[in-house]
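Protein chains in written order, with my numbering: chain A, 1 to 167; chain B, 1001 to 1610.
Honestly, the hints are just simulated from the structure, not real lab data.
Honestly, I wouldn't trust all of these hints.
Claimed, not checked - With a straight-line Cα cutoff of 25 Å, these simulated SDA-like cross-link-like pairs (lysine to any residue) come out:
1) A:LYS46 / B:LYS1375
2) A:LYS53 / B:GLU1220
3) B:LYS1375 / B:GLN1353
4) A:LYS53 / B:LYS1375
5) B:LYS1174 / A:PRO110
6) A:LYS40 / B:ALA1281
Said to hold, decoys possible - Where chain B lies over chain A, by a calculated footprint (3+ residues, C-beta under 8 Å):
7) 73-81
8) 95-104
9) 111-117
10) 130-137
11) 143-156
Since this is a predicted model, take the numbers as computed values, not measurements.
Glycine included, each C-beta is placed from N, C-alpha and C at the ideal position.
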Amino acid sequence: MLPETQKKICLLGSFAVGKTSLVRRYIESIYNDQYHTTVKVKVDKKVVKSGAKEVTLVLWDLYGEDDFQKMHWSYVRGSFGYLLVADGTRRATLDRALELEDRARVEIGPVPLIFVVNKCDLQQEWEIDEAMLEGVAARGWTVLRTSAKTGEGVNEAFQQLTEKILR
Amino acid sequence: MPDDPIYRLPLDPDEEISSGDINSFEQLRHLILAPEQQDLARLRERLEDPGLRTGDISAVLPEAIHLRRQEGGEDALGQALLPTVESALRESVRKDPGTLADALFPVMGPAIRRSILQTLRSFFDSFNEAMEHSLSLRGLQWRIEALRTGRSFSEIVLLHSLVFRVEQVFLIHKKTGLPLAHAVAPAVAMQDASLVSGMLSAIQDFVRDSFQSARGQILEKIDVGEMEVWVEDGPYAILASVIRGIPPPDYRLHMAEALEHVHRNFAEQMERFQGETGPFAGANEELSRCLEFQYKEQQSRRPKSYVLALAIVLVLLVAGWSSYRGWQDHRWGQFVETLRAQPGIVVTGFARQHGHYVIRGLRDPLSADPQSLLKQTGLDASQAEVRLGGYYALDDAIVQKRAAALLQTPPGVEMTVSDGVLHAEGQAPASWAGALRNRALLLPGIREVDLSQLTDTDQAEFERLQRLVQAAIIRFPLGSSVLTTEETAALQRLSTEIRSLLAQAELLHKTVTVEVVGHSDSTGYEATNWPLSEDRAERVVLEFTRDGVPRSLLRGQGVAASQPLRQEENEGARQYNRSVTFRVKDDATAGARAASRVSSNAPVSHAVAP
């Protein structure tokens, strides 16, 4: 039996921002991480409840290429929304995230997104400060702090994205 | 409207009208015609305004075209519309070929396929024929397997090439990579359809991106060990079948048909797909039809029972026939061995030709008759042809037969030939034996004659007669040399025997003499006994001579009582000593006797020189 409601979502972000770690403990997967280095994407699944409705999120975890030319943008097509991930300890990953959003909008239009700043367990090492995040929020985006290590904010990120998509 | 009186009245030029009348008339006309004039103005406006006119035509155009078709004006309408439609299509293709291609997808597929199918079918027909007559190693192996297992050749080909099972079928939304429908064969370990669909889409994208293939070109087949994934592409969705084994090529046609069917029924839903799978429940049936399979152990493929029975009967018949043939071959082989063992028969060839046996060779006329040997075996003589040429055999057995036939072997003689030596055994006249030695050596195959075991019958007869004569005693009364009647008869028998003895001696080239010795008992005077004994000898010689025995071969002599036959202990013994006895002497003994007689002083018999 197929799930009644399925949504394709993407995880976008620079190399080593912790996208894969972010989802590893919260998802169902049948594929190993080697797919990242070969096919440059790994497809996983997460079931999220929204009220009485059960939504199956099919997560396309894209390999964080730093070279735009090497990105497989066709993987993004058809997404109902995405998590845009940055690494709090690396300022460059924020700029990179903004560039990725620009390009994603061209590919799939204005779909819902959640901006996730990962590694909040290493808050003292952060290069991204509050002001920068306010700047991001000013774009109308939901900004969430997460920690793949502690699990903080992870479920919330998926939950909020689901709500946005269903809205 | 020429007949309308309202329009005619003011247009009559011959009518004279006053000004007051004109006003009244204008008023009247206004009253009467104002509504119509307004309608007229509106109609004129609608006719002259293209926008309004288009609206009017658009309202009736479908009905008008429909009406036109019903009235049979279709050709004219088609011709009128043709240039427009053609240019519209051209424009559409120029702008975006995809739109028209997507619209035509459900109808183009079947048409193209039908044409290709026709071509392929004729190709496969010839291919099958080639397979039927193929002499490739695999073809031969399959044929042998077909013969061995009793299955048809085509079935074996099928077993080896067309065994497969479609385990899962995915209908995947192209844009999102999400599964729209999923069918699974019974007892198949099922993967998460969402994940598999996503990854399959990702791989498709990956290949397309990596090799920059044109839009619409997809990875049609993925080989994974004994599994294959076949993918069929449509405008909105792809159909992916996970197959174990190798499916027949026409399975792809089934996939294409299913995908077209889905597109016909769900195109709109797929275009508007937002992740809800509910609307595609109806597609599951179509997908299930794609779960085709062909098992190796298909019971129905087994030969029908009567075919099996027929096959068994045929096998038994063949086995029976070959056993019978084998048995016949064996029996004829045995017969040929029997022939080979016969002396005087040489078998040079034995074969079965056109259902009967041919035996070739050579045969000595004195050897065993093949036809009578054949009769003894109980074999059907008509089954064979025995071609034996004549020859002269040197086998001992044949040489022996030939010798027996040519040498007139007398009864009592047995002749054997061994290693070229003729052995004669038994009794035969010396004359025959002498002739045998010379004649036997003329026969081919005899190099030596051995007569050591052959006894001379002439000599034996001579010796028998000699013994008979020497054992005879002719008795006389006391003091007399007169023969009794009884003794005369005995003497006659004896003389016959002596004649036979002499004849036998002649045969043996011997010259014999018969000594006739007269005896007396010791009673009386010696002076009378000597003459008495001589008289008695002379008496017997006379009788013999009278019976035809040559006188020259008889030597009479008297020995009185000097050589008594018995010791005279009684009258009976004395009677024996009043007698005549005989001694047969051959030349040598006769000569010796003559010499001894001359030297002794004993009285000389009436010997007569020959």
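Outcome of the hint check:
no.: 1; hint: A:LYS46 / B:LYS1375; in the structure: violated (100 Å)
no.: 2; hint: A:LYS53 / B:GLU1220; in the structure: violated (36 Å)
no.: 3; hint: B:LYS1375 / B:GLN1353; in the structure: holds (22 Å)
no.: 4; hint: A:LYS53 / B:LYS1375; in the structure: violated (105 Å)
no.: 5; hint: B:LYS1174 / A:PRO110; in the structure: holds (20 Å)
no.: 6; hint: A:LYS40 / B:ALA1281; in the structure: violated (33 Å)
no.: 7; hint: 73-81; in the structure: holds (count 6)
no.: 8; hint: 95-104; in the structure: violated (count 0)
no.: 9; hint: 111-117; in the structure: violated (count 0)
no.: 10; hint: 130-137; in the structure: violated (count 0)
no.: 11; hint: 143-156; in the structure: violated (count 0)
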